[in-house]
Amino acid sequence: MRTSSTRQTNTTKTVNEIKMTFSANRLLIIILLFIMLGFGLLSFSQGSMDFEPLIFGLIVSALFVLIYVMMKGIFHDFDRPLFLTTVFLLGLGLLTQYRMNPKNAKSQLFMLCIGVVLMFLCMGTIKFDNIMRKLTVPIIIGSLAIMAALLVVGKESGGAKNWIIIGGRSFQPSEFVKIAVVFVLAHYLDKRTKLKKLLVPLSFAMAIVFLLIVEKDLGAAMLIALTTLIVYFAATGNLGITLAGLFAGALGGIASYKLFSHVRLRVEVWQNPWATYDSSGYQIVQGLIAIASGGLFGAGLGLGSAKIIPAYHTDYIFAVICEEFGIIAGVLLIAFYIVFIIRGFLIALNARNRFLMLFALGCTTLITLQSFIIIGGVIKLIPLTGITLPYISYGGSSMIACMIISGFLQGIAADSKKYRAEAEGKA
Amino acid sequence: MEQAYTIAATLMRYVFVALMAYILIRLVIISIREWSSRRFWEKQLEGKAFAQLEVIEPYSKRGALYDVSHKTTIGRNRACDIQIRTRSIAKKHAIFFVRDTLYITAYEPEKHQIYVNDSPIGRQDARLFDGDTIKIGRVTLKVHIIEDEELYDEELFDDDDFIEYGSGDIDEDEFDETDEYDQDGE
Amino acid sequence: MNTRNLIKALLALFLCMFIVLSSYLVYVVGKHGPRWFASPYNIRIRTQKSNIIAGSILDRNGVVLAYSDSNSLRHYNSDISLRLSVSHIVGDDYGQTLGAEALYAKYLLGFDKNAIEMIKHIDQNAAPTGNYCVLTIDASLCKYAYEQLDGRNGAIIVMNYKTGEILVCTSSPNFDPKKMERYIAKEIELEEGAMINRATSGLYVPGSVFKIVTTVAALRYIKDVENMEFECTGELIFDKSTGKLLGDSKEIDKDELTDKYLTLIDFQGEEHGTVTLKDAFVKSCNSTFARLALQIGSKNLYKTAKDLGIGKEYLFADIIALSGSYTEGRSEYETAWSGVGQYKDIVTPISMCLLAGAIANDGAAMEPRLLKSVQTSTGAEVYSAAYRQSYSPLTSREASILREYMLEAVNSGTGRRAALEGYNIGGKTGTAELTVNGKNESHAWFCGFIDSEKHPYAIAVVVEYGGSGGSVAAPIARRIFGKIVD
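Chains as they are written, first to last, in my numbering: chain A, 1 to 427; chain B, 428 to 613; chain C, 614 to 1099.
Because the hints were derived from the structure by calculation, they are not lab data.
Mixed in with the good hints, there may be bad ones.
Result set (DSBU-like, lysine-lysine): computed pairs, CA atoms no more than 35 angstroms apart in a straight line [unchecked claim]:
#1 C:K621 x A:K134
#2 A:K72 x C:K756
#3 C:K919 x C:K775
#4 C:K792 x C:K756
#5 A:K196 x A:K127
#6 A:K418 x A:K134
#7 C:K791 x A:K307
#8 B:K562 x A:K417
What follows is a list of derived Cβ distance ranges for each label pair [what the hints assert, rightly or not]:
#9 A:L144 x C:Y637: 33 to 39 angstroms
#10 A:H76 x C:Y637: 38 to 44 angstroms
#11 A:M206 x B:D552: 57 to 63 angstroms
#12 A:E156 x C:R617: 42 to 48 angstroms
#13 B:R554 x C:C629: 56 to 62 angstroms
#14 C:E842 x A:W274: 32 to 38 angstroms
#15 A:V200 x C:R943: 55 to 61 angstroms
#16 A:K155 x B:I452: 41 to 47 angstroms
#17 A:K197 x B:T567: 34 to 40 angstroms
#18 C:S753 x B:I452: 51 to 57 angstroms
#19 A:K197 x C:A625: 26 to 32 angstroms
#20 C:N1053 x A:L251: 51 to 57 angstroms
Virtual Cβ for every residue (Gly too), placed ideally from N, Cα, C.
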């Protein structure tokens, strides 16, 4: 006895009400318009007409269109709003980078292209998640090896020893390791097993966090620790252990505050940067002044003076955007990350199986926490940590890691849509 | 002319913010609508396929599926929701109902027994789990429960498969229509 | 509890976090942004000065206080006395002080861009200029007030208590903005602390003007205090080791006790006899207020002081100001002295002026305004000050009682020399005692108001080491009020 067909007509009626004509194409064109207007404006910032920005802008736009077409062609159905959000963030990022330093922007674009290739690869692997999961142990070993190796051969930069140089370019392995941690967690938390079996992923995560702390990359350590807790909590619902973990983390934070002078320094500078203006407070003070100098609509693209802030192209890119585009734009940018989070979570909820659901959750959480921590640090809500603003900050490893995350998220989205379609096909 | 650039950049500020706001609002509206349509679907599915009974015996009816997501009576009588015409079943034999999960109870426990997984349930309300077999007279039914993950610590289940909701009862067209955007962007 | 629901809950959590993030951004830039922008570390101000001719600063009557010539050189008013009297308010061209030059740089240097204005400028083919800032002060009155200080250090501030506009704000010692470059190069000596605006940021011992706070506290925490009577014998005696009140000089025979006592005496040892609260206020009786302070308790005094604005963090839009602080005494002796404005009580002239203004204005303190309006060089108005209430320190009833007391204090009490023929002046004098290099000095205080529809002004005067409030500060207030109503 099948369910009566009267129900079907009811649902069809209501669904029609919900249905809305939305054109992904149209929105993409508007995003590209934004980008081209920006580069167009930059093209005569030097007095005479300079075609380079325009050409750069055209290349960027063409790249986005190409990606869009290819994704539609290969995967047919993917999460379009997430795609558009990512495109906007990338576009705004490249525009701002170009405005500050065209060389950085070109390097960033190159990294983006590599990232795009990897993105498509990752999208494709989702179908074979069973095979991927067999690689979990090698991934664990590999990550630990890389992080441990950093202790020895790592190059120090900005107070943290988390860079390696391969073939002339410097990489930040922690960016990739964080994805590995999420992957490992999702794999183990998939099955309903006893806590004992979870010892492997949890101690893996703890080891990575510990190594990062030793290498003084506190931002990444905090990020991975929080993400682990969140994924664990979502997967098990075990509030007790999660709170215990948070508590342990807090204790660790307090301990590091008492033990390490550089942690103390960060907290002091956070509380009153003006007191140490001549040394450590300089960056934060100039950042705040830059944000305040923007006004509601900004000083205007190219009219700000953000170059005096150290790390204006990486950590402080948000202050640059606030100065040139305004506070309203700053708030809107935060909202774009909110959209990213919503899309990521929707993808997680629609995932085909539990592993993919947790993996999507973990990846989205990474981006969420990362953007919150860095924006919070720049506006002095929390102490400043050295992590990047996803998709926007300059940084090869950061860009590639973000594209990989995009790849996985879109892959899971495409996969679940396909699966659903097939399931309906059977019925 | 530097002056010209300053003026142009000053004017463009509003354009940039307006475009940003427009793009954002469109994306937010889509996400909200997708979210609410998703909840709508979840509610639909709750009603539709929370639990099913699959007939094992008699052989002639093997494979038939019955929806038991709501209060369902089973018996020989025509008035019952699930009517099974064999002698071994009473006129009104059992009721399936849903409290927090699926339960079965007998109408007249002294006269007609119900066996869940081969043990009699007596006069209690017996909780049913996915995979349980119910014997009513000579009819054997298997219980399928389709729902989300159980709490991690409970080791009640060991299914490897993530059972997709809506297997079997959803119209394909309906799913296409909730997909907000045209495949070809028109 | 299943994973899906947890995920949804996490989504809600993250949404909240990000809403907090954006709200904090908006809040912090709204509240502190102008201050950050005006910070001397902001190089944009400096660089903009080379791009644009800074606008002029005028007083409320159109007197030019600062302007830039066509070579972008900054000039100030040619009258030296006037220039000095408004130096703190106007500021300087080198980012050393937080006067109008820095606080309103946003307008003066045209940071608030108006594209249409810029296009007009291109038409005229002139160099771009910033906007004109009209301040609320009356420069000639400031000069007059400065002259009343007669070379002594101190501060005078006059505010319109109905609108919050600052009419007079002068502080001494001051600096000459014309010479700022040479001050920085250390070619000329500048007196220490000369760049601080004592009217808004000068932290002083209040002395008896603090009795206003104690009176309000008494009205709040002692039932029916207006009808009570107190005995004043001119002296209160405390135990030296515990600080506890032993009694007044009538009850205790001082010679009996050895060196183990501390005293609290009235001004010049005056005895006031039997007084009511009003009498004690009008005659400024220390003994009574000391007893009241003990009855009220230091915690309640702290609360009242904070309500009345002392110890509050002032975050005014137009100026930077401090409010002082009240520290709770640890012993009765200390609490008693804190009730009469000594011990560790600290106030600023602006906080007392705001308080006097609130009393005159039925309990509502208006937000101090220094910027009256901003106009572009073509005459279009960009900004016009809106008058709004800042906080409400007193109830209407408390305000009217204090008004009555303060009017009487000028009528027949210690503030007699502030009285002005034909007008109702209310006020409170204060003689703040302090010891400097072993010598006993006192600051002369007066804070009060004119009770008039046409001239709704509140004033606070402090003359450092001036002596008695009644004989030094009150007459200054009278002369200034006199000049205003003319």
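Review point. For which of the previously enumerated hints does the structure constitute a violation, in increasing order of number?
Key: 2, 8, 11, 13 and 14
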